Amino acid sequence: GAVVSQHPSWVICKSGTSVKIECRSLDFQATTMFWYRQFPKQSLMLMATSNEGSKATYEQGVEKDKFLINHASLTLSTLTVTSAHPEDSSFYICSVTPGQGLPSSGYTFGSGTRLTVV
Amino acid sequence: AQSVAQPEDQVNVAEGNPLTVKCTYSVSGNPYLFWYVQYPNRGLQFLLKYITGDNLVKGSYGFEAEFNKSQTSFHLKKPSALVSDSALYFCAVTGNTGGFKTIFGAGTRLFVKA
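For the protein sequence lines, the chains are L and H, in the order given. Using the working numbering, read the first sequence as starting at 276 and increasing by one per residue. Using the working numbering, read the second sequence as starting at 1246 and increasing by one per residue.
By construction, these hints were calculated from the structure, which means they are not laboratory data. These numbers come from a predicted model, not from an experiment. Hints may contain errors.
Claimed, not checked - Now the stretches of chain H that chain L is said to cover, found in silico as 3 or more residues with beta-carbon under 8 Å:
| # | region |
| --- | --- |
| 1 | 1281-1292 |
| 2 | 1348-1354 |
Claimed, not checked - BS3-like, lysine-lysine: derived pairs with alpha carbons at most 30 Å apart:
| # | chain 1 | residue 1 | chain 2 | residue 2 |
| --- | --- | --- | --- | --- |
| 3 | H | K1267 | L | K316 |
| 4 | L | K316 | H | K1358 |
| 5 | H | K1346 | L | K330 |
Said to hold, decoys possible - Selected chain L positions facing chain H (Cβ under 10 Å, derived; list incomplete):
| # | residue |
| --- | --- |
| 6 | S318 |
| 7 | L319 |
| 8 | F384 |
| 9 | S386 |
For every residue, glycine included, the Cβ atom is placed at its ideal position computed from N, Cα and C.
Next up, chain H with everything else stripped away, as it sits in the complex:
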């Protein structure tokens, strides 16, 4: 069965500092991995994905993520955080079986302080 773990409920970082939001996954076969961001009372917005190719994936708003197969991780990173990055971040995995259902992690709330 597919699963996604985001071990941190909350991440605090000062503006201008690098940020990392952690994600590990478990899936049969090759994983399709995604990061989404959610602002209060809004739907999810796609940030980036890994399907195949380079392990370092670049996405929207300066975010990037590194796929590490041996550690089954897909951590989200940004070199310099902005206050406006404060939001709820979800890691998601889509398996290539069972109709491509997407399973989401529990979410990590990011607070960026000025």
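Chain L on its own, in the form it takes in the complex:
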């Protein structure tokens, strides 16, 4: 089955710095990638949808200048949290699909990144 690698698994950074999270599809070409964040004991909130080679589509209320998404290749998407603040502390998860339509086996999720901003 599809394998997605997300790195790092956890990161602690100082307030005001930027953090980059990578999401790689290891055995298929990921045309579309989704980025979610999850607060403790809450559901996943879709942040943005990125398609390879084009600009990401952000959900309402998500600051595109703060959460920079780059999907430069069919196997890699990155989420950069710029000028991080403690309220950005969260669990970030990517999911991928090989096409732009509905994947037949659901979406494949990365293992997530726990970001703590101190």
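With chain L fixed as given, assemble chain H onto it according to the hints.
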């Protein structure tokens, strides 16, 4: 707009007993429904899906779910729970409009006691 409701924050069940985790949905057109499981500090793992066909869907680890169109429900079930089933379960719906975005329910934490 799409929405998913999981009315129970937590479900407690004894090992060996059947379990049900409830989910109802709202979506325009035909729904694509999924169940995922999440273990602590991990990503989501796909359990099963309904897209079309038989209303009873069988998935991983002995789980199954029944699609009920009239009640707009997609409850997750397992005939005999295991302690290792204890985790956070998410119901999700993907609509066939708007780029196939997936909306997740709030999640239901399942505790299986030995």
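Each hint tested on the structure:
Here's how the region 1281-1292 of chain H fares: 7 of its residues keep a CB closer than 8 Å to some CB of chain L, so the rule of at least three is met and the hint holds. Only residues whose C-beta sits within less than 8 Å of a C-beta in chain L count toward coverage, and the region 1348-1354 of chain H has 5 of them, enough to reach three; the restraint holds. The suggested pairing of K1267(H) with K316(L) holds, with an alpha-carbon distance near 17 Å, which does not exceed 30 Å. A distance of roughly 21 Å separates the Cα atoms of K316(L) and K1358(H); the hinted pair therefore holds under the 30 Å criterion.
For the hint pairing K1346(H) with K330(L), the CA-to-CA distance comes to about 16 Å; that is within 30 Å, so the pair holds. Taking 10 Å as the C-beta cut-off, the interface hint given for S318(L) holds, the closest approach to chain H being about 5 Å. With 10 Å as the threshold, the beta carbon of L319(L) comes within range of chain H, its nearest partner Cβ sitting at about 5 Å, so the hint holds. A distance limit of 10 Å between C-beta atoms decides the matter here; for F384(L) the minimum to chain H is near 4 Å, and the interface restraint holds.
Checking S386(L) against chain H by beta carbon gives a least distance of about 4 Å; that is within 10 Å, so the hint holds.
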